[in-house]
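Undergrad: Sequence:
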Amino acid sequence: MTDSVRSYSTSAESVASTESAPAEKEFGDYWLPWHIDSNFVTVLHKEMYARESDGSLVPEPEGSGLLMMNRAGDVTKFESSDENALVLQMGAFAQIYSGGHLEAGRHAVLNPRPPGIARFNYCNFWYVPWTTVCDTPAGLEDQAVSKGWNAMMDASYVDLTMRQSFSAFRKFMVSPEARAQFADSVRFKELSAMLPLRTANKGSKKTQFQIDVITDVRCPFSHLSQTNLEAAIRSLDMEDQFQLRFYPNFLNPNVPKEGGNLDDYLQREFGYSKEFAHSEDYPIRRAGLQAGIRFNPNRRVVNTFDAFCLMEAAQEVGLQHQLVKALSHQYFEEAQDISDEKVLLAVAAAAGLPIAEEALLARMRSDEVRQSVQERYEELSALLGEVPHFLLRDGVSGNGLEVGGNRSVEEWEEVLQGVVQKSRLMGMRIPGLQGQDIWLAEANPNSPLSLAVPAQHGWAPATWPYQEKDFARMDESEDNFMYAQPRLVNHLDEVSLARLSNVYRAAFEAAPSGFAVLDLCSSWNSHFPEDIMDGASRVAVHGLNGPELEANKQATERHVQDLNKSAALPYESGSFDFVTMALSVQYLTNPRAVFSEMHRVLKPGGMAIVTYSHKTFIEKAVKVWADETDDGEGRSHIVCRYFQHSPSKGWEKLTSVDVSPQHGDPVWLVTAVKAAN
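In the working numbering, the protein residues as written are 22 to 698.
Don't read these hints as lab results, they were simulated from the structure. Fair warning: this is a prediction, and the values are worked out from it, not measured in the lab. It is possible that part of the hints are untrue.
[Said to hold, decoys possible] Result set (DSS-like, lysine-lysine): computed pairs, CA atoms no more than 27 Å apart in a straight line:
1. 624 - 490
2. 636 - 574
3. 227 - 346
4. 644 - 586
5. 490 - 210
6. 624 - 586
7. 490 - 636
8. 644 - 574
9. 443 - 210
10. 490 - 586
11. 586 - 636
12. 278 - 295
13. 490 - 363
14. 443 - 227
15. 674 - 624
16. 641 - 624
17. 363 - 278
18. 636 - 670
19. 346 - 363
20. 644 - 624
21. 670 - 624
22. 670 - 586
23. 278 - 346
Using the sequences plus the hints, can you model the full thing?
TA: Quick look at the structure:
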């Protein structure tokens, strides 16, 4: 940040009664979008924090405020609060008190909030004249023109409307409806954390969904609801998009091994006579016939713990759903005792489990499996009071719904359509090879990182915004010393690496057969999808460590070189369709030279994919990277500057994309296409 822009914090402090943040303060790592559009409106934004229990106001988290970016991509921040802990921000302030030097802004809030604290927003919008002229801050010569960002603010009006709005909201907060809403929201998050998503089906071009069924396999309502759910999936022609998993929440974990008489149970618990329970008028039997299930009234009350141990083993070989259907048929329609090991083994064989009986029994009886089932039951029963319960989520974003109870086919169709709607919050099209768009199903289009580059609308600083000192490092020793020993390790977790691999899959699938790839700063694993690479004619890997490159099984050629000593690449101009660089851009001391070489060796219309995350060997990272406090969005601007000036106007269609998993290391990328001219 330039000194002149830093001084604007002081001006804003005096006029807006705000307190500028100390330079050394850290502001957290979660940034909410602040939309800036000079053609549109001014936003007067108030932010409120309240206890979910009673709606009472609480102080806002430290660090709330307005994050600003100047023309070089540097950031600073305003903070402001009033005596009632309501944050007041005016987009106009940032532009007025930076003398028109502001390029973009974000509203920033620390995350996570303390438990039980909710955040609410209140906005007013004014249309204003395009060229409204504002008074400039003291000591500044430039006149700040609003270009749509000036608005008249009447503090008393704001306070009045704000308090009226929040008073109504506080009444809602303590209502039963609000409590149920918050409870559902919290429970969805807790269940999602407890039951993580599987890795998405890499070979599918359709959105994949995961349904977690919390049940007891002897519960007739669970069987009915699950049967209707499967019918709804078929009616929507989505059988290849939904995968079901099953978890225990026992109706009665203390049922004795020998079980109990169902007629006695129904008489004791509900007052149903045997005659009624066996008649065609019994509601469960009528509902079953409508769903195609003939409930056998002669079945017994059984202990299903061993059945869930078998289901655990079936899950390990991908046949849990088939096993559950077989168990349900044998219990509900054939009245078999599914607590008996012989019956369980017969059901397993019928379901096609490829495990020998002795091995299957050993697995079911193992302490590991039994402890796993018990722990899962204890976790879920503490959170849920009844069965069945269903957690339905998009397999990529984790967005979805939770519902409980027995539902009809029509009700399930409505639920499934709601989950599909939530899934559409994911996915982005980005420019790929030769201008052909590629679809990244796992991208979050609403992430601040994904909005960062598009928000610049093609703007670039006229000159290179960095100096030589910006590429100094804490450790200036030669890089080959640090990387002398081979490190055959991964630097991201498995789920995040799968996201990176799927980015490459989407890009390479759109390429014609025989495409050529250069992987810069490479190692033993380029994370390219193996099945796709059969279509590549050339995979060149380029890095610092020879043994690591030799271990790269996808490479057709290898070259050892320190790019910080010499950026000249040993390849002919226009010889590659793709250039990739994963998790290494932060170490380049001469990025302009390297990116210019990337440009040279790419064919016109070729695609560059630069990926980074939050991890780095900080002693080897260049200063401009290490000083950037915003891991994702802020550093995307740095990579953009590398592209925009290496060479100037040599790249087009720059895009920033966030493909980070819900639980895992962040995966951020900036892509560009070599200009045809």
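Undergrad: If a hint holds in the structure, say so; if it does not, say that too.
TA: Do the hints match the structure? See the list:
Under the criterion of a C-alpha separation no larger than 27 Å, the hint pairing residue 624 with residue 490 is inconsistent with the structure, at around 33 Å. Taken as a hint, the residue 636 and residue 574 pair is honoured in the structure, with Cα atoms around 25 Å apart against an allowance of 27 Å. Taking the CA atoms of residue 227 and residue 346, the gap is about 25 Å. The hint holds against a cut of 27 Å. Using a Cα cut-off of 27 Å, the hinted pair residue 644 and residue 586 holds, with the two alpha carbons roughly 18 Å apart.
At roughly 45 Å between alpha-carbon atoms, residue 490 and residue 210 are farther apart than 27 Å, so this suggested pair is violated. This hinted pair checks out: residue 624 and residue 586 have alpha carbons roughly 25 Å apart, not beyond 27 Å. Taking the CA atoms of residue 490 and residue 636, the gap is near 22 Å; set against the 27 Å cutoff, the hint holds. For the suggested pair residue 644 and residue 574, the alpha carbons sit about 34 Å apart, so the restraint of at most 27 Å is broken.
As the CA atoms of residue 443 and residue 210 are separated by approximately 15 Å, the hinted pair is consistent with the 27 Å bound. At roughly 17 Å between alpha-carbon atoms, residue 490 and residue 586 fall within 27 Å of each other, so this suggested pair holds. Pair hint residue 586 plus residue 636 holds up; C-alpha atoms about 24 Å apart against a cutoff of 27 Å. At roughly 23 Å between alpha-carbon atoms, residue 278 and residue 295 fall within 27 Å of each other, so this suggested pair holds.
Taking the CA atoms of residue 490 and residue 363, the gap is near 74 Å; set against the 27 Å cutoff, the hint is violated. A C-alpha spacing of about 15 Å is found between residue 443 and residue 227, which places the hinted pair at or below 27 Å, so the restraint holds. Distance check on the hinted pair: residue 674 and residue 624 sit about 15 Å apart at the alpha-carbon level, within 27 Å; holds. A C-alpha spacing of about 31 Å is found between residue 641 and residue 624, which places the hinted pair above 27 Å, so the restraint is violated.
The straight-line distance between the Cα atoms of residue 363 and residue 278 is roughly 14 Å, inside the 27 Å bound, and the hint therefore holds. Taking the CA atoms of residue 636 and residue 670, the gap is about 31 Å. The hint is violated against a cut of 27 Å. Under the criterion of a C-alpha separation no larger than 27 Å, the hint pairing residue 346 with residue 363 is consistent with the structure, at around 18 Å. Taking the CA atoms of residue 644 and residue 624, the gap is about 32 Å. The hint is violated against a cut of 27 Å.
About 16 Å separates the Cα atoms of residue 670 and residue 624, which keeps this hinted pair within 27 Å; it holds. Proximity of residue 670 to residue 586 is assessed by CA-CA distance (about 26 Å); at most 27 Å being required, the pair is judged to hold. About 23 Å separates the Cα atoms of residue 278 and residue 346, which keeps this hinted pair within 27 Å; it holds.
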